[in-house]
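Colleague: Work the whole structure out from these sequences, hints included.
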Amino acid sequence: MKGFNSVSPLKVLEKSSQKGLGSGNLGVLIARAGVGKTACLIHIAFDKIFRQEKLVHISLEEGPEKVTSYYNVIYYDLVKALNIEDESEIRLLIDRNRMILAYLRQSFETERLRTSLKNLAENLEFRPDTLIVDGIDFEKAERAFFEGFKEIAKAFDVEIWFSALSHRHITEVNERGIPHPCQALDDLFSIIIELQPGSSGVFLNLLKDHDNPAIADNGIRLDPNTFLALS
Amino acid sequence: MIDDMNKLRNIGISAHIDSGKTTLTERILFYTKRIFAIHEVKGKDGVGATMDSMELERERGITIASAATHCEWRGYRINIIDTPGHVDFTIEVERALRVMDGAILILCAVGGVQSQSITVDRQMNRYRVPRIAFINKCDRSGADPYKVVEQLRQKLNHNAVLMQIPIGLEDKFSGIVDLVSMKALYFEGDNGEKVRTGEIPAQMIEQAQAQREDLLDAASMFSDELMEAIIEDRVREDLICQAVREGTLSRRLTPVFMGSAYKNVGVQLILDGVNQYLPAPAEVENVALDLDQDEKEISLETDPELPVVALAFKLEVTPYGQLTYIRIYQGNIGKGDNLVITRTRKKLKIGRLVRMHAGQMEDLTRAYAGDIVALFGVDCQSGDTFTDGRLNYSMSSMFVPEPVISLAISPKDHKAQNNMSRALNRFVKEDPTFRSHVDQESGETIISGMGELHLDVYVERMKREFSAEVETGNPQVAYREAITRRTPFDYIHKKQTGGSGQYGRVAGFMEPSEDGAYRFVNQVKGGVIPTEFLPAVDKGFQSCLKKGQALGFPVLGMRVTVNDGQFHSVDSSERAFTQAAIGAFRQAYMKARPVILEPIMKVSVESPSEYQGSVLSSINQRRGIITSSTEDGTFTIVEAEVPLAEMFGYATVLRSLTQGKAEFTMEFSRYAKVPELISKELISSIAKRSKGEKKS
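For the protein sequence lines, the chains are A and B, in the order given.
The first sequence maps to residues 1 to 231 in our numbering.
The second sequence maps to residues 1001 to 1696 in our numbering.
Think of the hints as simulated: they come from the structure by calculation, not from any bench.
Among the hints, erroneous ones may be present.
[Unchecked claim] From the structure, some residues in chain B lie toward chain A, with a derived Cβ separation under 7 Å:
# : residue
1 : N1522
2 : I1625
3 : S1628
4 : T1630
5 : E1631
Even glycine gets a Cβ: it sits at the ideal position worked out from N, Cα and C.
Modeller: Set out below in structure tokens:
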């Protein structure tokens, strides 16, 4: 979509070593409750869809109607912010390039996800480039769970984005500067981004950039209402 | 009154076709003293049970099959609402599910959870109906209630917990151990009416204790008090019942009862279960739409003092006239009171207020919130909301979608002819989405509705309930036309040959309107078209919308703006301006690049997860766009948007793909442009058809 690249939160990766997450890799957005993790994840989703890539949104808490309505709310804000008049083609693009997989009542298993991805490819020729996973409780999930995702990322040649909930009262970070709840998992993630609310907006800070030890100061600021990047 | 209301139950009995619904209902009516003898259902092997049970009802004239039957059990009043035998979704099933507060799910101890039980259970889930399960036919050879409980957990995703265990099984089935009281119960007397309590047989004590532990574990999740009592070893029966009730009402627990209705074992206990574990009307949230506030949802209170809100959920034609079954959600109504039908704002007076028992009718003077009663001789439609005029509430949306599919039907013989028209009259009253008309060109009777299955159900009901066998033509999709670009028009209608002349000039432009509706915009300045002729111009344009010029389908979504014109002081008339508008429409329409639109349906397919691939592929082959796939327990729900034209015969395809284990629902979503290739095919097939018609 015209004009989206300049406001996409994924701009934060423009200066990163590989200009993005890349297939076979896991990335995570860490933020406290209410800061806008889901909104940011959905912007990442739009970024991919508008580049004509295919995307699967995996929801572990909400049903597809709720997920669709999140997308709609953010989409209409976007249409307004970018002043787009004819958006019917864009809607069609979203419908065709996005698939929602919801897992209700703890029915998620990585094996089930594998089966669904296989079914999508074999029956619909739908081969996603990116998976967005919302609603994982990082505090309860075990390491093996993320290792399962890592294998999926490799096997299906996709990049996978997660969101993780941090807490105001847990301030500890590991020796590489990665905060709770990802301190013990950071080796599995190639990109780690932290969202921090500030007085002039929400700041996106890159905490891990693949194997690049020297992360430049390349944080960006998001509009706290639309979660779009401010120049 | 409050106490009375707490002791009221509105329940449904839902079952797989051979699991003994009629027998159980009959036993319930016997033990509650509504009928005084038990007759055997023929066809013990179950093969002919459906037919037999229907004949049985007819033969004896008992109204087991009436929409709601009232009975009393240990001081509680129970309304048993008939759940229609067909599991296909119709508005009739929807209303039955809507008025019940809880249900007994009957399962066969031999057959277990079968695909039809799955369908029925899913419908109940959709309407959030709390239920208790009854595993019937424990006396049959091959009975295994434990297997059925496991299936309830695995296949239906219920947190099922045994409330009882059987004493013996198959031909040795002799009684029941109640895990709450830890007593053995035996059913004696000619018809099992005497319940004898005894000690648990010694060889079963260990098993009973283990099962009770499971029950306590499951129930304690819903009560801290019970949990503490378990730890302190002071568990009381009432604590268990309270916790199980809590779990059942929140639909997070399904208590399982068992027995054999045919052998009169365990029926009284399921009635106790209805009283103890299913909700009173006030414990269920019911919502109405306030028409004065743009259909805003309003929670209703089961309070007899509040203004009246009631729903007519079923009409029945009896020899005495039309009987309208209603559920009173709020307020109270009495003989002689005036009610207002929300849909028509028409006032009516209650002449006779009755309650239906199995064999007889009881006249009432007054009925209160929560109850189900019937009105006599009221002219209304099924689904109508009644109020006392103080509120403008409706129990369902007043928006009735336009039918998207139609089917020509013709009666097979003379007898069917009369019955068919009786049936159609009735269905039209019952279901606002079902229409019927006679096509003026072909003289055929056309029925229209919301999907192939929707019409199939009515064709089947014509045969079953009205003995009207009909032949059906091919289903026709309701295509539409719409213009795609703004196009100007400027047309003069002039006729001056003989008699008074006609003159009118209309100019402006037509353009697509976003919301799909027709709009007429008047921008005429300086009185170039006199105000009194503008409605005639509007009428002229509207008359053209019925049949577009592209393929003769109705036109959707057009805004017509008239900004110029001319009139003649003598020759201009309403008729002249209507004709001018028709001319203007014809002049511009084809230039406005009309396209053909087709109805797109929102389709939801629910199947065991192993069929996800087959379901996805079946939708993909139908030009569908899959929007989501949801895993819930062992099931997968695939949601998609699919053109209606591609959905013909889908029920059969899905059945064979999934061994009958999947079901789908479909509702109209929107109109969308037909792809170029399909549009060309459509044009050529219509051309062929009209050529054929001309030849014949």
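Colleague: Next, verify each hint and record whether it holds.
Modeller: Now for the hints, and whether the structure bears them out:
Using the Cβ-Cβ criterion of 7 Å, the hint placing N1522/B at the interface with chain A is not satisfied: the shortest such distance is roughly 26 Å. The criterion of a C-beta within 7 Å of any C-beta in chain A is met by I1625/B, whose closest approach is roughly 6 Å, and the hint holds. Residue-level restraint check for S1628/B holds (minimum Cβ-Cβ distance to chain A is 3 Å; threshold 7 Å). Because the beta carbon of T1630/B sits about 4 Å from the nearest beta carbon in chain A, less than 7 Å, this interface hint is met.
Given the 7 Å rule on beta carbons, the hint for E1631/B holds: about 4 Å separates it from the nearest Cβ of chain A.
Checked against the numbered hints above, the structure breaks only hint 1 and satisfies the rest.
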